[in-house]
Amino acid sequence: MKTVEFREALREAMNEEMRRDESVFLIGEEVAEYNGAYKVSKGMLAEFGAKRVIDTPIAELGFAGIAVGAASNGLRPIVEFMTFNFSLVAIDQVINSAAKMLSMSGGQYSVPIVFRGPTASAGMLSSQHSQAFENWYANTPGLKVVVPSTPYDAKGLLKAAIRDNDPVIFMESEQMYGDKGEIPEGEYILPIGVADIKRAGTDVTIATFGKITKVALKAAEELEKEGISVEVVDLRTVRPIDYKTIIESVKKTNRLVVVEEAWPLASISSEIAYMVQKEAFDYLDAPVRRVTTADVPLPYAPTLIEASLPNVPKVVKAVKDVMYK
Amino acid sequence: MAKVAEKVEKKLKFTKEQYLTWYESMLLMRKFEEKTGQLYVQQKIKGFCHLYIGQEAIVAGTVSATKKGDKHITAYRDHAHPIALGLHPKYVMAEMYAKITGCSKGKGGSMHIFSKEHGFVGGHGIVGGQIPLGAGIAFAEKYNGTDNVCVCSMGDGAVRQGALHEAFNMAMTWKLPVIFVIENNNYAMGTSVERTSNVHDLWKLGLAYDMPAKPVDGMTAEAVHEAMEEAVARARRGEGPTLLEMKTYRYKGHSMSDAQTYRTKDEVKEYQAQDPIEKVLATLQKNKWIDDAGIEAIEAKVKALVDESVQFAEESPFPDPEELYHDVYMQKDYPYIIE
Ligand SMILES: Cc1ncc(C[n+]2csc(CCOP(=O)(O)OP(=O)(O)O)c2C)c(N)n1
Ligand SMILES: [Mg+2]
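In order, the protein sequence lines correspond to chains G and B.
With the first letter of the first sequence counted as 1, position 255 gets the number 255 in the numbering used here; the numbers rise by one all the way through.
With the first letter of the second sequence counted as 1, position 250 gets the number 250 in the numbering used here; the numbers rise by one all the way through.
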């Protein structure tokens with residue numbers, strides 16, 4: 001094993017896949033000469049050259065569409081969005097082209113493409129730079145949506161995403177790029193659509209994904225001190241969702257809290273709550289609770305951010321609530 | 001007499017065979033779509049349905065100026081392109097009938113005709129969405145070092161989309177082998193070109209990107225072919241995109257539900273008087289390359305193809321319900337949420 005930063009894990013995945021397959025290339029703003037806005041693609045231009053590591057103008061709609069067209073014609077693009085906030089000007093090409101081409105052509109044209117970049121809040125950036133759209137993309141059939149929480153998961157899942165023959169949305173976080181974690185020396189791949197139990201427990205299940213998994217794990221540590229044993233299920237993928245792992249955990253703990261860094265309405269947490277009440281109604285000893293970002297555009301002031309985002313005290317409280325403590 | 005004909009042939013750039021091919025191909029598009037219109041009225045065909053009638057010279061001249069391996073992409077007015085490229089029309093008809101034997105297995109309908117075998121990448125329903133896609137298809141050809149090009153067609157309404165500017169800019173910067181074709185039929189639904197911008201010469205949109213661009217008589221197969229040939233050669237030489245504004249006209253309404261209050265009957269007649277198929281036929285007749293028996297033979301062949309297409313569509317089954325979960329993902333065991 002070796003210790004790497006999250007951004008290095010992503011870079012290793014891209015480098016390995018680009019060495020392995022000539023049809024894989026990286027395209028986006030500042031990915032080449034600037035070495036990536038968050039230095040994820042550092043050194044890649046030097047290794048692969050300008051043909052395969054491609055700087056674009058600031059034109060998300062255009063380069064997303066060009067990449068989808070290239071994918072339909074046999075290439076395997078990795079598209080970097082500087083953040084997923086900016087993917088909104090490209091969302092037509094993601095939803096209407098990438099996710100639909102296979103179906104509307106009756107299976108003739110597949111779109112093997114990865115759209116990756118950071119999602120959700122990253123400090124005092126105010127409302128336009130702090131949004132979590134995992135549920136927006138997860139809503140769309142034809143896409144897969146991966147949201148890793150550790151360097152180990154990031155590398156294995158990004159390699160799987162690049163090799164996947166369907167369009168994959170791969171969501172990271174500015175606040176995770178510097179996180180360190182252990183990964184194997186050699187190559188490995190993790191399957192898309194399989195959750196991971198990040199911490200085993202017996203009293204309450206927390207289902208979560210992405211950056212906010214760290215908050216759930218910290219809350220679990222705190223709660224352990226008070227004698228409450230929390231199982232943390234990291235979904236890793238929000239389309240498809242590994243319902244089986246969540247439901248099995250709930251059947252054991254009989255209590256569920258969902259922690260998510262998106263707004264509450266029509267979110268991944270609503271979906272999980274629905275599925276758990278449907279599949280495990282008789283096992284629940286308390287209503288499902290959730291901790292999400294507040295139902296407002298994220299403001300700039302630290303006090304307001306504190307009030308908006310999921311954090312350890314809020315998760316601790318939700319867990320105690322479902323324990324009736 | 002034979003000598004005179006020979007002389008004429010020398011003066012013409014195109015051969016008798018070329019004219020015969022154009023004539024037969026355009027007549028097939030025309031007759032196929034006239035039938036489509038009738039079947040729509042009978043509600044055999046549903047959904048949105050847009051006819052290409054009047055605009056046939058554009059695809060005819062494009063297909064004759066491109067080769068196998070080249071790719072083609074357009075919007076929802078997409079029946080003529082794949083047929084001209086060689087897709088048997090029965091697969092288009094079956095698709096409009098929503099039958100499993102359709103080119104898109106009944107999942108696309110009139111607006112989403114595709115034929116990978118013929119390099120036809122659809123059939124796209126979001127106005128302007130196909131413009132970056134076409135540039136991307138060309139990107140892949142360049143990346144792979146082929147000499148194939150992509151012909152990317154759009155309407156006069158589509159050129160007002162922002163996607164055009166982003167795609168034009170990158171296509172020029174990266175010298176992608178793409179030919180952007182504006183099928184300017186003067187209307188986007190009921191809105192004339194004049195009402196959508198201060199710039200009415202649409203080819204000029206290329207100038208902002210230093211893209212070679214020009215207007216073309218889109219009612220004449222020869223003119224389309226020549227402009228396309230030049231643009232394709234430029235793209236194959238690695239010199240990048242060209243913008244061709246094909247001046248054309250659609251005789252029918254925007255879609256099958258269009259009262260056409262935005263234009264006069266006289267305007268329609270004016271364009272019908274310079275019908276692209278009639279023009280090709282006139283050249284064939286003037287040069288005595290076709291006689292009445294020849295015309296009848298082509299008409300009979302086209303009619304048989306159209307009849308065969310309708311029969312094939314009529315007799316084919318609708319998709320089975322289990323088709324619902326096919327072709328959404330390449331992954332065969334994708335875990336759909338099934339309530
Ligand atoms: C983004 C988008 N906006 C609106 C529509 C509805 N719509 C379909 S066709 C059309 C007119 C397009 O006209 P034009 O580009 O000139 O093509 P033509 O129909 O004349 O071939 C409109 C507004 C659409 N399909 N997509
Ligand atoms: Mg038009």
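A hint or two may mislead.
[What the hints assert, rightly or not] In silico DSS-like links for lysine-lysine, alpha-carbon gap of 25 Å or less:
hint : chain 1 : residue 1 : chain 2 : residue 2
1    : B       : LYS332    : G       : LYS159
2    : B       : LYS35     : G       : LYS244
3    : G       : LYS42     : G       : LYS198
[As the list claims (entries may be wrong)] Chain G is nowhere near these chain B residues, computed Cβ spacing over 10 Å in every case:
hint : residue
4    : GLY37
5    : LYS116
6    : GLU141
7    : GLU166
8    : VAL193
9    : ASN198
10   : SER255
11   : ILE295
12   : PHE312
Keep in mind that the hints were calculated from the coordinates and are not lab data.
Every value quoted in this text rests on a predicted model; they were computed, and no experiment measured them.
For glycine and all other residues, C-beta sits at the position ideal for the given N, C-alpha and C.
Against the structure, the hints come out as follows:
1. B:LYS332 x G:LYS159: holds, 19 Å
2. B:LYS35 x G:LYS244: With Cα atoms ~52 Å apart, LYS35 of chain B and LYS244 of chain G exceed 25 Å; violated.
3. G:LYS42 x G:LYS198: violated, 30 Å
4. GLY37: holds, 23 Å
5. LYS116: Its Cβ does come within 10 Å of chain G, the nearest being 4 Å, so this is violated.
6. GLU141: At roughly 7 Å from the nearest Cβ of chain G, GLU141 of chain B sits no farther out than 10 Å, so the non-interface label is violated.
7. GLU166: violated, 3 Å
8. VAL193: holds, 23 Å
9. ASN198: It holds; ASN198 of chain B is separated from chain G by about 23 Å at its closest Cβ, greater than 10 Å.
10. SER255: holds, 18 Å
11. ILE295: The claim holds: ILE295 of chain B sits with its nearest Cβ about 36 Å from chain G, beyond 10 Å.
12. PHE312: holds, 16 Å
Of the numbered hints given earlier, the model fails hints 2, 3, 5, 6 and 7; all others are met.
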